[in-house]
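Read top to bottom, the protein sequences are chains A and B.
So for the first sequence, our numbering puts the first residue at 959; every next one is plus one.
So for the second sequence, our numbering puts the first residue at 32; every next one is plus one.
Hints in this document: simulated from the structure, not taken from any laboratory.
Computed from a predicted model, the values in this text were never measured in an experiment.
Covered stretches of chain B (chain A as the covering partner; in silico rule of three or more C-beta atoms under 8 angstroms from a C-beta of chain A):
1. 138-152
2. 165-175
3. 181-191
4. 445-451
With a Cα cut of at most 27 angstroms, we get these calculated DSSO-like pairs of lysine-lysine:
5. Lys1032(A) - Lys164(B)
6. Lys240(B) - Lys1043(A)
7. Lys1032(A) - Lys165(B)
8. Lys160(B) - Lys1032(A)
9. Lys165(B) - Lys1043(A)
For every residue, glycine included, the Cβ atom is placed at its ideal position computed from N, Cα and C.
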Amino acid sequence: MKIISLDVMNVGIVLAYVVSSYRPGDMPPIIESLSEKYADPIPQAVIITGIVIGFSVLTLLVVLSVSLMERTGKSDVKILERMMKE
Amino acid sequence: MKFHEILLMAQLVSFLGIFERIRKVVLVTLPLFLAWFGYISSDYTAYLIGKFGVMVGMDDFSRSLIVVSSLMFAVIFIENIREKIDFSQYFFFITSALILNFIFISKDFFNIYILLEVLSILAVLMMMKAADKKKLWTSLKYLLIGNVGANIYLLGVLIYYLHTGNFHVVKNGDVPSIALNLMILGLLVRTGVFGFGMWLPQFHSNADKVLSAMFSGIFINGGIYALKLINDIKSVSYMIFLGISLSLAAAILGFFSKDVKRAIALSTMNHLGIMIMNLVNPSLYITAHSIAKTLLFLESDNLKKEEIDISTWLVSLIAIASLSGFPMTLGFKAEHALTKNFPLYLALLVSTSNVIIGASLFKFIWKKVKKGFNGLIIVSLSLVHITSFEFLTVALVFVTLALSLFKPRKTIYLPIESMDINLLFVLGAAVVILWLS
Chain A
959 MKIISLDVMN VGIVLAYVVS SYRPGDMPPI IESLSEKYAD PIPQAVIITG
1009 IVIGFSVLTL LVVLSVSLME RTGKSDVKIL ERMMKE
Chain B
32 MKFHEILLMA QLVSFLGIFE RIRKVVLVTL PLFLAWFGYI SSDYTAYLIG
82 KFGVMVGMDD FSRSLIVVSS LMFAVIFIEN IREKIDFSQY FFFITSALIL
132 NFIFISKDFF NIYILLEVLS ILAVLMMMKA ADKKKLWTSL KYLLIGNVGA
182 NIYLLGVLIY YLHTGNFHVV KNGDVPSIAL NLMILGLLVR TGVFGFGMWL
232 PQFHSNADKV LSAMFSGIFI NGGIYALKLI NDIKSVSYMI FLGISLSLAA
282 AILGFFSKDV KRAIALSTMN HLGIMIMNLV NPSLYITAHS IAKTLLFLES
332 DNLKKEEIDI STWLVSLIAI ASLSGFPMTL GFKAEHALTK NFPLYLALLV
382 STSNVIIGAS LFKFIWKKVK KGFNGLIIVS LSLVHITSFE FLTVALVFVT
432 LALSLFKPRK TIYLPIESMD INLLFVLGAA VVILWLS
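Bound-form chain A, shown alone (with noise of 0.2 angstroms):
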């Protein structure tokens, strides 16, 4: 659960910047004739950066909770939490 939290959270991010690149006259950012006016290329140049990071942590956490499953049998956190004290 709180990992499709933290997906949806970091699409949200990259929603942001993506939108974030609007400029009104919304050419995409391929120069035809210097004149036109152009979207903003560069946050969406970066966030690509940003959506592979976001991935690779996603299947990460992925990994780590089940082979969490797999050792304990749980995954509600507050019993996790319980168990790790000890």
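Starting from the known structure of chain A, fit chain B onto it as the hints suggest.
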């Protein structure tokens, strides 16, 4: 030759580690070379790919961080030169060393986000090597809470970009404070300051001694570096009060701990709190903390035993003395330099928090020493008294020792250490920041 070019070369050289014979040689000499090159390189700023690309730069602060971190990497690897390491482990170690050095020269907020994330992924991969369920659970917690922090940081970076037009760290007062506040909140979570990143005590205390020395002594410097960059843009006034209250809380929690590694991890939180109080010139304090914490964590397995030998006793005595700011140690100098411009009550509070954490660490080397060595402490302290610095510092030393005789009955855990409440706290803080502005 510029330092980022040297880092690239070092990355190429590090692939020599596929040969098992020279793996350890590379592991020890490469950080030493990096420290040397960092020390001799002069100030510069450069852009990696055009004007909008990554901005890197070298100044005094990054130089000191590069030197101390690389040296501590070398110390850790020299200490474990006898142990066998396979290629994957070697690759994680050397890559994290290079990435950390890249953080210290980057002057670009988005780049710092990427590097911090990669560093945390590497940390988790290193932890997963010996996977028992405790380690898995703490790495899950670390990754989840840390990533929430990183996302908040990313939101701040976006607002920063919308106002300035690039991600570079350039001094201008027009940056809206909401961007900086969000970035600071994200970094506090990422670095593991008390209250915001409560994954730290569990994560650092459950790791092996090499890893916890690396995390606690070296990796946290990356977060402090980023906080310093933000403070350079626009000085943040509430940081002093946040820092002192959080460091005091961490110290008191560390005092009620029966586990050595948990106490050391909480001392990291205490010192992080003190570092963020003065972000104008924290380099000496970071150096002192980094050295002492690395040595102490490397000895932490020996401290768990019933009886400890002389070398362990001596090393941990010096490290703890430095951490709690005793006279004649580097920590004393550093604390003095940090609190120079503070009003007296703040300096006293810093000393108090250091005294409490010092007491909580001292009690682990107190009783287990062979006979006669406890006397040595008394003798050396009398020497301190003769060369008398100030009445106050000497009094603080004796208060520390007296406090360390107190033994807590059981370890206290706060409710905020659980994942739910910590996440709730962090997101609540983010909402408050967004709401206020």
